[in-house]
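Whenever a hint applies, use it, and build me the whole structure from the sequences.
Note that the protein sequences, when read in sequence, are chains A and B. Take the first sequence: its position 82, counted from the start at 1, is 85 in this note's numbering, and no numbers get skipped. Take the second sequence: its position 35, counted from the start at 1, is 85 in this note's numbering, and no numbers get skipped.
These are calculated hints, taken from the structure and not from any lab test. On a predicted model such as this, the values are computed, not experimentally measured, just so you know. Backbone N, C-alpha and C define an ideal beta-carbon position, used for all residues, glycine too. Incorrect hints may have been included.
[To be verified] Derived coverage of chain A by chain B (criterion: at least 3 residues anywhere in the stretch with Cβ under 8 Å from a Cβ of chain B; other residues may be distant): (1) 41 to 50; (2) 89 to 99.
[Claimed, not checked] Pairs of lysine-lysine residues, derived as DSBU-like cross-links and limited to a Cα-Cα distance of at most 30 Å, are as follows: (3) B:Lys127 - B:Lys102; (4) A:Lys60 - A:Lys21; (5) B:Lys99 - B:Lys110; (6) A:Lys60 - B:Lys102; (7) A:Lys60 - B:Lys99; (8) A:Lys100 - B:Lys110; (9) A:Lys100 - B:Lys99; (10) A:Lys72 - A:Lys60; (11) A:Lys21 - A:Lys72; (12) B:Lys106 - A:Lys100; (13) B:Lys99 - A:Lys74.
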Amino acid sequence: EAQVTQNPRYLITVTGKKLTVTCSQNMNHEYMSWYRQDPGLGLRQIYYSMNVEVTDKGDVPEGYKVSRKEKRNFPLILESPSPNQTSLYFCASSHLKGGDIQYFGAGTRLSVL
Amino acid sequence: GNSVTQMEGPVTLSEEAFLTINCTYTATGYPSLFWYVQYPGEGLQLLLKATKADDKGSNKGFEATYRKETTSFHLEKGSVQVSDSAVYFCALKRVGQGAQKLVFGQGTRLTINP
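Below is the structure:
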């Protein structure tokens, strides 16, 4: 079954404690992306990757890092989380060529206290 | 820049009512347009899409037509069901660098009462 898997689904943490949200896809997609969803703002792109070892900033990259060491995985790293990073996070993936449809994970709800 | 504006929600309707959710966009070039749906507790799923002017996307009884002259992509359904309750996002995919990036509207929460 085609899937984008995010873990954890829910996370409560404290300011400054480093955390990683994992994302894995089983569709051999070249393109992967992280979004955050906030009320009234829709989804905004944080970072994206066009292929292994190729990553770039989206619209709201401050406070986040990513890596793409393998094609299937695209973890999102918060080195020093702050309360303004409390949000709902989605990972997505698609093919680069003919990749009109993006496939989304189920989301990670993060609360930073 | 590229942007998408959706009608504000929440929208509450009775079962079998007619649904319209308005979406307008601003973009350079000729973007592809999408409607994604998010059911409670789930990620977004593609509902329908249109890739050029006058194309009509349709799925599950929902329709939307790519109107270049009015820069709109309104979502419609003739008779909604309780199971259509969800958040609906209009989005565009811009052409060019980072061409896979989706630009989303703010989302419209739809609730259908029996």
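Going down the list of hints, with the structure as the test:
1. 41 to 50: holds (count 6)
2. 89 to 99: It holds: at least three residues are needed, and the region 89 to 99 of chain A offers 4 whose Cβ sits within less than 8 Å of chain B.
3. B:Lys127 - B:Lys102: holds (21 Å)
4. A:Lys60 - A:Lys21: Since the Cα atoms of Lys60 (chain A) and Lys21 (chain A) sit roughly 20 Å apart, the hinted pair holds (cutoff 30 Å).
5. B:Lys99 - B:Lys110: holds (13 Å)
6. A:Lys60 - B:Lys102: Given pair Lys60 (chain A), Lys102 (chain B) holds - Cα atoms ~28 Å apart, limit 30 Å.
7. A:Lys60 - B:Lys99: holds (26 Å)
8. A:Lys100 - B:Lys110: Cα-Cα ~26 Å, so holds.
9. A:Lys100 - B:Lys99: Holds: Lys100 (chain A) and Lys99 (chain B) sit about 17 Å apart, inside 30 Å.
10. A:Lys72 - A:Lys60: Holds - the C-alpha atoms of Lys60 (chain A) and Lys72 (chain A) are around 17 Å apart, at most 30 Å.
11. A:Lys21 - A:Lys72: Roughly 20 Å separates the two Cα atoms, so the pair holds.
12. B:Lys106 - A:Lys100: holds (22 Å)
13. B:Lys99 - A:Lys74: Holds. Lys99 (chain B) to Lys74 (chain A) sits at ~27 Å (cutoff 30 Å).
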